[in-house]
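S.K.: Go ahead and model the full structure; you've got the sequences and the hints to work with.
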Amino acid sequence: NAGVTQTPKFQVLKTGQSMTLQCAQDMNHNSMYWYRQDPGMGLRLIYYSASEGTTDKGEVPNGYNVSRLNKREFSLRLESAAPSQTSVYFCASASTRETQYFGPGTRLLVL
Amino acid sequence: KQEVTQIPAALSVPEGENLVLNCSFTDSAIYNLQWFRQDPGKGLTSLLLIQSSQREQTSGRLNASLDKSSGRSTLYIAASQPGDSATYLCAGFSGTYKYIFGTGTRLKVLA
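Protein chains in written order, with our numbering: chain A, 1 to 111; chain X, 1001 to 1111.
Be aware that a few hints might be false.
For the chain X half of the interface with chain A, some residues (derived, Cβ under 10 angstroms), not all of them [to be verified]: (1) V1013; (2) P1014; (3) S1046; (4) S1052; (5) G1095; (6) Y1099; (7) T1103.
If you anchor each label on the Cβ, the simulated ranges turn out as follows [unchecked claim]: (8) A:D26 with X:T1058: 25 to 31 angstroms; (9) A:D56 with X:Q1051: 42 to 48 angstroms; (10) X:L1110 with A:R44: 29 to 35 angstroms; (11) X:A1111 with A:L109: 18 to 24 angstroms; (12) A:F10 with X:Q1081: 30 to 36 angstroms; (13) A:K14 with X:Q1081: 40 to 46 angstroms.
To be clear, the hints were calculated from the coordinates, so they are not data collected in a lab. From the three backbone atoms N, C-alpha and C, an ideal C-beta is built for every residue, glycine too.
M.R.: So, in structure tokens, the structure goes:
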């Protein structure tokens, strides 16, 4: 089992460019999450998907969109990147109320 | 709204010392509480999950307790080693499929 995988590992964007972060899990989990981690701010939830076909906003959804493509995959899209979106992005998955498993993260720099 | 606080923010101890990391939460109606470890530049690794019906969980030298009435969880690390140096985060699951994270405790164990 690969667990939770994320691509890409690193990305540099210019302001206004768009990109999609990909996440996949092979643990048959219902729930998937996207977080961003910034120094001094901890982990903040961007969007989550409680089950296939549903998505909901988290704490900091502005500037992002998500797609739960199927039970395995949950993507995060930045339509017009801004320097404030420079961060480390983590995807996670979990069975309901159970242990949450994290991917290795994507380091994004927006110039 | 659930808020999670971790004290201290940073801790430095000599090798071999037993130590306690603290996690406080404001909403006692949590379903579970999870402790994670994060090494620099890496993703989060789950250490222990305590369900609301449990009072503690143990894994090797780690023991985590949960007291819902006081809104506190503690992670006890016995006989600390330099390899335990990392950031430790707690996260509370309060329903609506969302986990709320504390900002973490940076632990350094000196050889």
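S.K.: Starting from the hint list further up, note which numbers the structure goes against and sort them upward.
M.R.: When the structure is compared with the hints, numbers 1, 2, 9 and 11 turn out to be violated.
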